[in-house]
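S.K.: The primary structure of each chain is shown beneath.
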Amino acid sequence: MNEVRRLLPDLRSASGPASPERLAERGFDQALTKAWAMSSQAIIDEVTASGIKGRGGAAFPTGLKWSSVNKAEGQTKYVVMNADESELGTFKDRVLLEEDPLGALVGLLIAAHAVGARKAFCYIRGEYREVEQMLAKAIDTLTQLGWAGPGRIDVEIRRGAGAYIAGEETALFNSIEGKRPEPRVKPPFPTNKGLWGSPTLIQNVETLANVAILFAHDAQWFAEYGTKATAGTKLVALSGHIQRPGVYEVPFGMALADILNAPDLGGGVAGSGRLRAVLLGGAAGTFLSPDEVAQSQLDYASLGAFGASIGSGAVMVFDDTVDLQWVLTKLARFFADESCGQCVPCRIGTQRIWEIAEKGGLWTRTEDLRELGQAMRDASICGLGQTAPLALLSILDRPGLRQDV
Amino acid sequence: MDTQDLAINTEVAALLQGMPRDRSQLLPALWRVVDRYQELTPGVIDAVSQSLNIPYAEVYGVASFYTLFDNAPGKVPVHICTDVMCALQGAGSLQEAAEDAALGRPVAVRESACLGQCDHAPAAWIGSQVMRRATPEAVRAAVKAVGHE
Amino acid sequence: MGNSVTLQIDGQPVTVAQGTTLRAACDEANHAVPTLCWHENLTPANACRACVVEVKGSRTLVASCSRVAEDGMEVQTASERVLNARKVVAELLLSTSDASLAPDLLSLADTSGANPDRFGGGATWQQPVREDNNLYIRDLSKCILCYRCVEACGDDAQNTFAIAVAGRGFGAHIDAGFGRDLPESDCVYCGNCVAVCPTGALIGKTEWDLRSQGQWDESKITQTETVCSYCGVGCELDLHVMDNRIVKVTSPADHPVTHGMLCVKGRYGYEFAQSEERTD
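Chains as they are written, first to last, in my numbering: chain Y, 176 to 580; chain E, 101 to 249; chain L, 2 to 281.
Just so you know, these hints were derived from the structure itself, not from any lab.
Just so you know, even glycine gets a beta-carbon here, dropped at the ideal spot from N, CA and C.
Don't take each hint at face value.
Said to hold, decoys possible - Simulated restraints on C-beta separations:
id: 1; chain 1: E; residue 1: Glu-111; chain 2: L; residue 2: Gly-172; range: 23 to 33 Å
id: 2; chain 1: L; residue 1: Asp-28; chain 2: Y; residue 2: Ala-217; range: 24 to 34 Å
id: 3; chain 1: E; residue 1: Glu-111; chain 2: Y; residue 2: Gly-535; range: 50 to 60 Å
id: 4; chain 1: L; residue 1: Asp-133; chain 2: E; residue 2: Leu-106; range: 21 to 31 Å
id: 5; chain 1: E; residue 1: Pro-142; chain 2: Y; residue 2: Glu-533; range: 49 to 59 Å
id: 6; chain 1: Y; residue 1: Leu-239; chain 2: L; residue 2: Ser-101; range: 44 to 54 Å
Said to hold, decoys possible - Which chain Y residues stay away from chain L? Per the calculated CB distances, all over 12 Å, these:
id: 7; residue: Ala-311
id: 8; residue: Ile-523
id: 9; residue: Asp-572
To be verified - Facing chain E, from chain L, some residues (calculated, C-beta under 10 Å):
id: 10; residue: Ala-79
id: 11; residue: Cys-154
id: 12; residue: Gly-155
id: 13; residue: Thr-161
id: 14; residue: Ile-164
id: 15; residue: Lys-266
Hey, can you work out the whole structure from these sequences and the hints?
M.R.: Here it is, written out as structure tokens:
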């Protein structure tokens, strides 16, 4: 057995995902009781000791973030669950919220309690309507049990309306505030000035679910899986030419090849059965060659050696019939469509990359693309523009992945 | 203001009743009016602007950012994901089937970016409901059912 | 020295007051950085990214218009990454917008060694001129989306909010809502958007007409300083006169009352001064 089920609930569970029975079965009621009896500092120390890092892609140490918000000056503080999952090939938060919405919510409540927030938002993409209903049910359950609600911690769902950029934390704040979801310049960081200028703790769904299972157990239990550098498990979303597409929970440090091929995980490459490349981390991820896949483990240091990152946990698999120019053109269109338009490098840069791709210039205009890509990485306001050229640059760095070479 | 605008103003004010007149309510307010009118016309935007006391140009600036608010007049949007993973699994034929079935119906077929259903590709999003492992037949039937449910 | 910070700009130590932006600090060090969207009386929009500098320890380049100087910062205004970013910003804008009346952009293109054609041949912002009122016209083919007009119309000066940025991505644009004409919008014709526009996308009707007729000649324009006589606020006016005719009215950006902003009467109410029917 390679698959772990800690963030994801036991498959044999018969309780409703949003039910009070599930809350008890998962130990989340005890987690809340335990956290409520602890001081802010003790909670933050426990999160820090666990070594949890942000699971949205940036891998920022969670304990450090909580500590910053806790220390930030301000009467009013907010916590936000970022469920605006909209990146190509990324669907782990959807599955997590479908199967176990209480986990992330319990993490959110513990976060609010730790930093002294009375108001929490769950920002969910507009296309996840069924998930939103599940989340609302789970909030009802927690409200009825007295953990959430006005007077305790008020949890409000905000529905996005079709904008990938709204998942960028400061754009998300603007969206909640009723402004255009354009990212803000940083610093100041959300930990000091987030929603309405108040200190705000914003975390990805999976990060919060990790907090819930941590408090349902302890840091020692938490570290039973994973590596020395990164404790715990990670949700990976397998899609494309793979026998068993889906979301799997695996320990950090697992060989990428095992994730693709183990019978209880990916089950092997589908399509032609011969792997051309894996796009790891999302639309803004890195293409890895079959050789690199064979040498990689799911950990930040191992992947960093190939210039790659786990990102959101997206693992997109392409067999050797796929023209990667076609994939890059699709990715380029995605970023051009989703750029907010605020800054020049991203607004016009994403458009020009798409045009060059449409005209078949990806392999011939490499110098122009490299300089453009570098300017976008260096000078765009936010992560969208900064990472939009990464997948393309990763192929320019791996000429072996180009079919014409 | 003509009588039609006046009617929309009254209707929108009723729809948004109970909402705080606060900038932070703009996105939820836009969802309410989109659920009611489908299309955000100048009259609807003006009514929201007056109900929430937010300048017209700013309401439009926000509304025009979001793709799910960009609906054609009198047409129900049918979103077909044509992004990489769904395209690998035959999204092209779904799009053709949807467009074919939409002829003469109050339906607008739209290409969608990734719907986050790559494990069930290809996917469509019709009437706020996800269709997983969509087939041309299923999409055709769903498009034909629009307005009849 | 609790009220000042010392940083290095291109290896040279510079001491500035706390709260000074990197852009201002670079100015003080005589290592000025180019800017397009920045305006002395408006909130930095951070949009053009022409003013980026390299700060040691920062993963990305930093917009100097809004980043505040800190003690010990090491700033480079002309590193390889900075020069590449500036050049590409200029090239991208030139591939999209008509820069013929945009001196700052033309200067950036020139100093950065931009190749105006490198990213050309694709979509542009070419569009018909909007001539829907008697006071100013909108030639949005020249727009670079610097946000200045929106800020001047909004809470940085006029508080009218007649225009906003709408749409997104390459389709983002300045709009009064559904592309409507200004007379149908909340516009009060203060012309402050025109005053801050750096590209001629917003331009006085008189200037536009004279330019269209080939009669606009900067060398023939003289400026006369006066105080607006419409009300008691005391706004200073610069009357731009060509061939004995007032062709434009501005106010100095550093004037303590106006900060360069005027109302419709001060900016456009000059026709009476040269009316044939005037009795003196």
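S.K.: Now, for every hint given, state plainly whether the structure supports it.
M.R.: How the hints compare with the structure:
no., hint, in the structure
1, E:Glu-111 / L:Gly-172: 23 to 33 Å, "holds, 30 Å"
2, L:Asp-28 / Y:Ala-217: 24 to 34 Å, "violated, 49 Å"
3, E:Glu-111 / Y:Gly-535: 50 to 60 Å, "holds, 51 Å"
4, L:Asp-133 / E:Leu-106: 21 to 31 Å, "holds, 26 Å"
5, E:Pro-142 / Y:Glu-533: 49 to 59 Å, "violated, 34 Å"
6, Y:Leu-239 / L:Ser-101: 44 to 54 Å, "holds, 51 Å"
7, Ala-311, "holds, 29 Å"
8, Ile-523, "violated, 4 Å"
9, Asp-572, "holds, 18 Å"
10, Ala-79, "violated, 36 Å"
11, Cys-154, "holds, 9 Å"
12, Gly-155, "holds, 8 Å"
13, Thr-161, "holds, 8 Å"
14, Ile-164, "holds, 5 Å"
15, Lys-266, "violated, 23 Å"
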